[in-house]
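Asker: Residues per chain are reported as follows:
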Amino acid sequence: NAGVTQTPKFRVLKTGQSMTLLCAQDMNHEYMYWYRQDPGMGLRLIHYSVGEGTTAKGEVPDGYNVSRLKKQNFLLGLESAAPSQTSVYFCASTKTGGPNIQYFGAGTRLSVL
Amino acid sequence: AQSVTQPDIHITVSEGASLELRCNYSYGATPYLFWYVQSPGQGLQLLLKYFSGDTLVQGIKGFEAEFKRSQSSFNLRKPSVHWSDAAEYFCALNSGGYQKVTFGTGTKLQVIP
Chain A
1 NAGVTQTPKF
11 RVLKTGQSMT
21 LLCAQDMNHE
31 YMYWYRQDPG
41 MGLRLIHYSV
51 GEGTTAKGEV
61 PDGYNVSRLK
71 KQNFLLGLES
81 AAPSQTSVYF
91 CASTKTGGPN
101 IQYFGAGTRL
111 SVL
Chain B
1001 AQSVTQPDIH
1011 ITVSEGASLE
1021 LRCNYSYGAT
1031 PYLFWYVQSP
1041 GQGLQLLLKY
1051 FSGDTLVQGI
1061 KGFEAEFKRS
1071 QSSFNLRKPS
1081 VHWSDAAEYF
1091 CALNSGGYQK
1101 VTFGTGTKLQ
1111 VIP
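Same order as they appear, the protein sequences are chains A and B.
For the first sequence, this note's numbering gives the first residue as 1, with consecutive numbering after it.
For the second sequence, this note's numbering gives the first residue as 1001, with consecutive numbering after it.
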């Protein structure tokens, strides 16, 4: 009963490096989301997906790309990391049909030096 | 545009005392409202939700919240706080559509003996 699993849990990057964060859910949810959490700012939506093969921008998409090649996976990529991307990243998923509970992963803590 | 305001950044209560965390929202239609809790190093977990019907909703861990449309509020309460309730609490609003959720900036709860 894994729910939403994020890998890695921690990562340190140098400015300009790239990386991919993986989110996997085993609940057959259609919708998946990537958020970033910064002190005093709550959670802000980066990108989201309403189904396999579809992605869309959230409120803070710059510097990030995403892909949803399989229904259960949602990848978040940083092509050229910047110190401003130091944050805690959360993936969430929810099923379709009306307002639904979002299920969250445990987060990835990323530091960009 | 929808928004969620949590006016208290940090609250300290004594163990056994009552608790009320404030949440105000701005939205032009009937909102779907949630309270999530985040323990240190963890993802967000749903405490309770309000979709319609009874305006007093019960959640897990002895929490409850009351929806007051006239005050645009959805305050979280607990009659007697336990040390394990120390965490950060987020109020959230779902406006439907692609399940877009707007989070408040969070209230960090400290429980003292």
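A hint or two may mislead.
Stated by the list, open to error - BS3-like cross-link-like pairs, simulated, lysine-lysine; straight-line CA separation at most 30 Å: (1) K1049/B to K71/A; (2) K9/A to K1068/B; (3) K1068/B to K71/A; (4) K1068/B to K70/A; (5) K95/A to K1068/B; (6) K14/A to K1068/B; (7) K95/A to K1100/B; (8) K1108/B to K9/A; (9) K95/A to K1049/B.
Stated by the list, open to error - Reference excerpt, derived from the structure (chain A facing chain B, CB under 8 Å, subset only): (10) F10; (11) L13; (12) G40; (13) G42; (14) L75; (15) L78; (16) P99; (17) Q102; (18) F104; (19) G105; (20) A106; (21) G107.
In case anyone wonders, no lab produced these hints; they're calculated from the structure.
Positions of the beta carbon are idealized from the N, C-alpha and C atoms, including for glycine.
Asker: Of all the hints given earlier, name the ones this structure violates by number, lowest first.
Answerer: 2, 3, 4, 6, 10, 11, 14, 15
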